[in-house]
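Trainee: Residues in the sequence shown are numbered consecutively from 1, following full-length UniProt numbering.
It should be emphasised that the hints constitute simulated quantities derived from the structure, not laboratory data.
For every residue, glycine included, the Cβ atom is placed at its ideal position computed from N, Cα and C.
Be aware that a few hints might be false.
Label-pair ranges, simulated between beta-carbon atoms [unchecked claim]:
1. 14 to 370: 21 to 31 Å
2. 265 to 182: 11 to 21 Å
3. 265 to 395: 50 to 60 Å
4. 315 to 185: 45 to 55 Å
5. 220 to 153: 28 to 38 Å
6. 354 to 185: 34 to 44 Å
7. 153 to 81: 54 to 64 Å
8. 203 to 69: 28 to 38 Å
9. 220 to 265: 30 to 40 Å
10. 77 to 250: 29 to 39 Å
11. 77 to 206: 26 to 36 Å
12. 153 to 20: 32 to 42 Å
13. 185 to 61: 34 to 44 Å
14. 223 to 141: 26 to 36 Å
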Amino acid sequence: MAAATVHDTSLFRDTFGTEEIRECFSERSYVSKLIEAECALAQAEEDQGVIPLGTAKVIREHSDVSKIDWPLLAKRAEVVGYPILGLVEQMASWVPYQQSGYIHWGATTQDIMDLASQLQIKDGIAIVERHLGETINTLESMSSKYRDTPMAGRTHLQHALPITFGYKCGVWLSGLRRHAERLQQIKERCLLVQFGGAAGTLASLGSSDDGIRVRKRLAAILGLKDPVITWHVARDTIAEVVNFLALIGGSLGKIALDLMIMSSNELNEVAEPFVPHRGASSTMPQKRNPISSEIILAQSKILRAQAGLVLDGMVSDFERASGPWHLEWAALPVAFISVVGSLYQANFALSGLQVNSGAMKTNLESTRGLIVAEAVMMKLAEFIGRQEAHEVVYGAITTKD
């Protein structure tokens with residue numbers, strides 16, 4: 001199959017992502033999760049006495065992604081519009097007749113597709129958590145190491161007040177720590193089991209509480225939370241996950257933008273880790289472009305685009321969306337691959353960042369003391385009041401010799 005995007009071509013895929021996160025959201029992984037969901041559903045129904053004892057074991061033993069006829073599954077998905085009917089047909093052909101009739105019992109297509117997506121999200125969140133933790137550890141070390149390294153603080157791209165580079169790293173760190181807190185909340189709130197049947201009412205399993213009991217058991221088997229009601233058309237949790245990933249991208253984008261400006265020749269305060277020919281120009285041998293920061297900045301924009309898609313996907317009609325749900329299929333893999341790729345690039349850039357403390361000091365002193373004008377004003381204000389002190393200091397600064 002031809003590769004066409006930055007996330008799957010051999011030229012760009014390891015720049016914009018990692019093999020681990022791509023595998024998590026690969027086609028094979030997705031179909032494997034679909035099969036896992038069908039097998040878990042059979043087990044939950046058997047455990048609750050809905051289908052005969054021993055059925056789930058037979059279904060599970062005969063079902064494996066290695067048996068998939070991929071061209072046939074693709075063709076059936078193209079015709080139907082969804083992959084589940086074709087998948088169930090293939091699974092039924094693997095399983096003895098006596099048990100095959102209980103595959104997909106009481107479920108609907110979206111139940112199984114949502115379950116597979118939730119399992120992918122669960123695995124993806126674990127990968128994000130690990131990479132986020134590594135970047136947090138790097139910034140914690142940098143905040144401590146450079147706590148006494150003075151530099152110019154800048155507002156509106158101009159000198160404002162003296163700060164330390166450790167302070168700047170600490171500000172970067174604070175946002176990522178909040179994201180780590182959000183991630184724990186998302187694991188509790190957004191990883192939900194899905195089982196509601198055709199219209200979400202579990203009517204396929206009758207008027208008793210069988211449907212609720214099966215759903216609770218299914219949640220336990222798959223390690224997901226049991227919601228108070230089906231969420232086929234209440235997609236806020238999916239939107240929250242992707243917008244959370246976009247928040248991480250935004251924080252990393254801010255770091256990347258700072259690094260890019262600080263690495264300019266005029267400032268020369270930092271440089272990304274030196275690797276021969278990394279950031280090289282085909283025409284200018286002297287160039288050393290901030291490649292990781294450029295990729296992070298681009299990915300932050302990609303992530304914000306995916307956030308918009310899933311917000312659009314929340315606007316679902318009645319009891320089954322007639323199109324908005326499909327936006328998630330496009331946005332989820334891109335968002336996870338992009339954020340993990342960004343975290344990988346960020347940790348690479350930060351962990352080996354070359355810090356030019358001499359240039360920081362030179363830049364700090366370049367205005368010959370004007371950067372501490374606020375301190376002078378505040379001291380003078382003790383005697384003549386703040387507003388008059390501001391005018392006096394402003395006048396002294398703007399008066400030409």
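Trainee: State for each hint whether it applies.
Mentor: A quick look at each hint next to the structure:
1. The hinted range of 21 to 31 Å is not satisfied by residue 14 and residue 370, whose Cβ atoms lie roughly 46 Å apart.
2. Between residue 265 and residue 182 the Cβ separation comes to about 38 Å, which falls outside the hinted range of 11 to 21 Å.
3. For the pair residue 265 and residue 395, the beta carbons lie near 35 Å from each other, so the given range of 50 to 60 Å is not met.
4. Taken as a hint, the range 45 to 55 Å is violated for the pair residue 315 and residue 185, whose Cβ atoms sit roughly 24 Å apart.
5. Distance hint check for residue 220 and residue 153: the Cβ-Cβ separation is about 52 Å, which falls outside the suggested range of 28 to 38 Å.
6. The beta-carbon spacing between residue 354 and residue 185, approximately 36 Å, falls within the hinted interval of 34 to 44 Å.
7. Between residue 153 and residue 81 the Cβ separation comes to about 56 Å, which falls inside the hinted range of 54 to 64 Å.
8. Under the hint 28 to 38 Å, the C-beta atoms of residue 203 and residue 69, about 33 Å apart, fit the expected range.
9. Judged by the Cβ atoms, the range 30 to 40 Å given for residue 220 and residue 265 is violated: they are separated by roughly 59 Å.
10. Between residue 77 and residue 250, the C-beta spacing of about 35 Å keeps the proposed range 29 to 39 Å intact.
11. Here the CB-CB span from residue 77 to residue 206 is close to 31 Å, well matched to the stated 26 to 36 Å.
12. The beta-carbon spacing between residue 153 and residue 20, approximately 38 Å, falls within the hinted interval of 32 to 42 Å.
13. Taking the beta carbon of each, residue 185 and residue 61 are about 38 Å apart, inside 34 to 44 Å as hinted.
14. Here the CB-CB span from residue 223 to residue 141 is close to 33 Å, well matched to the stated 26 to 36 Å.
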